[in-house]
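**Student:** Here is what each chain is made of, one letter per residue.
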Amino acid sequence: MIVAGVDVGSLSGETVILRDGDILSYSIVKTGADSAKTAERATEEALKKAGIPFEGIEFTVATGYGRVIVPFADKNITEISCHAKGASYIFPTVRTILDMGGQDCKAIRCNDVGKVTNFAMNDKCAAGTGRFCDVIAEVLDIPLEDIGKISLQAEKDAMISSACAVFAKTEVVTILRRGTPKSEILSGIHEAIASRVFALLQRVGIERDFVITGGIAKNLGVVKKVAEKVGLEPLISQEPQIVGALGAALFAHEMCKKEQP
Amino acid sequence: MIVAGIDVGSLSTKVVVMQDDEILSANTLTTGEEAAVMAEKTLNQALRKANISFDQLENIVATGYGRKSVPFTDKSKSEMMCHARGAYWLFPSARTVIDIGAESVKVIRLNENGGVEDFAGNDKCAAGTGIFLDTMAKAMEVPIEEVGEISLKYKERAQISSMCAVFAESEVVSHVHRGTPRNDILAGIHESIAERIFGMSNRVGIKEDVVITGGVAKNIGMIKALEEKFGVKVYVPEDPEIIGAFGAALIARDSK
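So the protein sequences, as listed, match chains D and X. Going by this note's numbering, the first residue of the first sequence is number 325, and it counts up by one from there. Going by this note's numbering, the first residue of the second sequence is number 65, and it counts up by one from there.
Derived by calculation from the structure, the hints in this document are not laboratory data. One or more hints might be untrue.
[Unchecked claim] If we take Cβ atoms under 10 Å as the criterion, some of the chain X residues that face chain D in the derived model are:
hint : residue
1    : E97
2    : N186
3    : I195
4    : S226
5    : S234
6    : R242
Because the structure is a prediction, the values reported are computed rather than measured. For glycine and all other residues, C-beta sits at the position ideal for the given N, C-alpha and C.
The following block holds chain X by itself, in its conformation from the complex (with noise of 0.2 Å):
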């Protein structure tokens, strides 16, 4: 059975193909405003790579925050459902799942058989999230791909005391003018983000495993300071962006 899941993320559309137990092809493009037509451009190009067409599918299910904006899905499903349901799939030993997207922050917790128990996110605020990072990372002229690398290196993180991503930035120019390393820097806004999501966990408890899903999580920096924070090992998948539009494919497979 061939099935494809799409999660319409704030900033990226993501679309997996899978058929049966396999994954196909993925595919990631930039939302832009008009999320529908890049919806169905990314589905387009994934069926392209996997050379499949249209009406071979035998269900989609939408995921993200755009996605009842996606016209041709025959169903869709909170993202939250989808990142658990991709992670466990990947990890059956994930308790904890920790998406970190462009604009959200969520912490999941999960039992036995992946079933979600309760969670945790950020609301109205983008402390914690992917644009807090690319905010700073703008502020100091740093690719965003190389935010994490940069930032293993540093001798002593700089102090970010600020939750907001408004005061923050001012803080981070002030460290730059200031001369403060951007090793350090980085360092120390991963750090600043990885306090704010133990913050948001704090409620639901971490439980062992933990699994870090959403583009953020490419980051290595931000790994391995989640990792310091909540003193545990963390496991990422090998593409960690496209877990939404994963879960949401296996969705589409098993309820059909």
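Isolated chain D (complex conformation) (with noise of 0.2 Å):
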């Protein structure tokens, strides 16, 4: 039984396929203007390395901003869901989620099943988002991937008073031109982008296994600066860009078992 999760974000799509419960393939790409293609573009792109034809899907589970609008999806369930269906199945002791994505952030709990319990979310605001980096990043001059590696070297935070990404950017304009170093200006970004998040996860409270899902996850400096307010080690799986995908494409496999007596 072949199935596929697609999780269509604001800045990136991915798909996962699964056959009979266990990944086959997954794919990240960009997203364009268009999330429809987006979806496309993802899925054909994983089904291409699993050597599968898009015919081969018995099931689909589509997730994400953009998941109303993908056209070959049997069911759309939210990101929130699948996050905590996808890390619970990567670390079933999981009981707190941090998912950090490109324009928004949430802090879900969830039980032994990976069933969400509670769960709060930031997507009004570019504070602790991916957007916040990447506006930093831009005024910075150094690539996004970059940065979290960059801001381990710093001896020292500078100091960062506003939460808001317009604002920071100005302070970090006039602290660079006063010949701040980048790696202390990416520190106090982090430890910014910290305690916005740290204040989202107080919301739903903290209990371990705790872990870190989405795109930011794999900036070493965020992840160590959320690691130090929390005071647990986060958990984070091999690829966190795709768990939303994957818990969308469990979903699908649930769902496709229990149509097939």
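Put the two chains together into one complex, using the hints given.
**Tutor:** So, in structure tokens, the structure goes:
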């Protein structure tokens, strides 16, 4: 039984293909102007890797902010449920999930079977999201992939008092001109992000094990700051960006099994 | 009696020099990084315009976010007090003052005597402020001075659903790519800012007359959008940007 999970986010789209509940392949593509096309591209790429034709998929679940416009999906499920499902598949002991995406951030609590028991999210403001990192990386003229590593070289944090990305950008321009090293600025920025997401986590309460998912989980600088604030070493999967799509695929697998007696 | 009011804002520094009931000169410069140096420069230029020497000033009051960094003032007062004072002096019927600056926005409610009854403002967020407008104008490559006029010729306001400046900027960029007329986009941006300020004002309530101060009040499109959102006529001083400095000068005059 072959199923697919598709996560159409604001900045990237991911597809995970499962065969009988095991991961066969996955893909990550950048989101284009058209969400439906993004979903198609991601799925085609994952299918190619697995060597399976499109018709081979028996059931597809879509998630993410663009989930309602995935034309070939059999069902839509929220990112919150999918991240909990995916994280709990990889780490069965997980009880708290922090999903840090391109344009939003979610703190999710789940039970021992990966069912959501509580959540809090920020999608109204760029503070604490990938976009915040993006804005600052651009000002500093550093590739986004490198900011985590560079921030770890800092001996101390530059003080960033603004939570708002626009105000923080102004602050960064000023302290950069004063000669503050980029590593210290980035470390300060990561601290600001960590404070913001920690507040979100506190709203739902933190219980171990603690998992970070989403693209920002690849930024070691942010992960370190979050770990310091939370006081727990976060678990991070090999590819944290596909956890939502994985959850969607797992739901697809369950639903498909129910349909086939 | 000759006095001066200095308003050190996040973007620009304003000075008003007064003698009794009359404004002798006003001057505005970009604040930059050295607030103290620029405050002095702005004041010196204003004094030169008025043909007054520094020693003739009997009292100086500073206001604005950088007010504490001005070394030569006698006193400092909050922007809120100064905007209330300046607006009430010009419009004694003012009961609500909305000050829209570069990085701050405040809705201030006054009583019959011009005293501050209540206020609400942005705290840590750029929504509703001048920098929000500036970010959008930059994304559209429209000079900030032209934004107001252009926005008036809209047919249908473009929908800007994000409150966050960073997210709204992406929305604006996709409107540009989609070919939405720039008049419509700018009108949508003004509506979004008006919406945010309206939300802020709910807590303090809006009482007529309403006066708008701060640099953003120079934007006619913004004023129209606010009038529509609030459903009342709003009054704008001739030079809305200097009202904080003007209020500071009035306080300097009256407290001596």
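**Student:** It remains to establish, for every hint, whether it holds in the given structure.
**Tutor:** Verification of the hints:
Taking 10 Å as the C-beta cut-off, the interface hint given for X/E97 holds, the closest approach to chain D being about 6 Å. For the restraint placing X/N186 at the interface with chain D, the shortest Cβ-Cβ distance is roughly 9 Å, inside the 10 Å limit, so the hint holds. Against a cut-off of 10 Å between C-beta atoms, the interface hint on X/I195 holds, since the closest Cβ of chain D lies about 6 Å away. For the restraint placing X/S226 at the interface with chain D, the shortest Cβ-Cβ distance is roughly 8 Å, inside the 10 Å limit, so the hint holds.
This hint holds: X/S234 has a C-beta 8 Å from the nearest C-beta of chain D, less than the 10 Å allowed. Against a cut-off of 10 Å between C-beta atoms, the interface hint on X/R242 holds, since the closest Cβ of chain D lies about 9 Å away.
The structure fails none of the hints (numbered hints given earlier).
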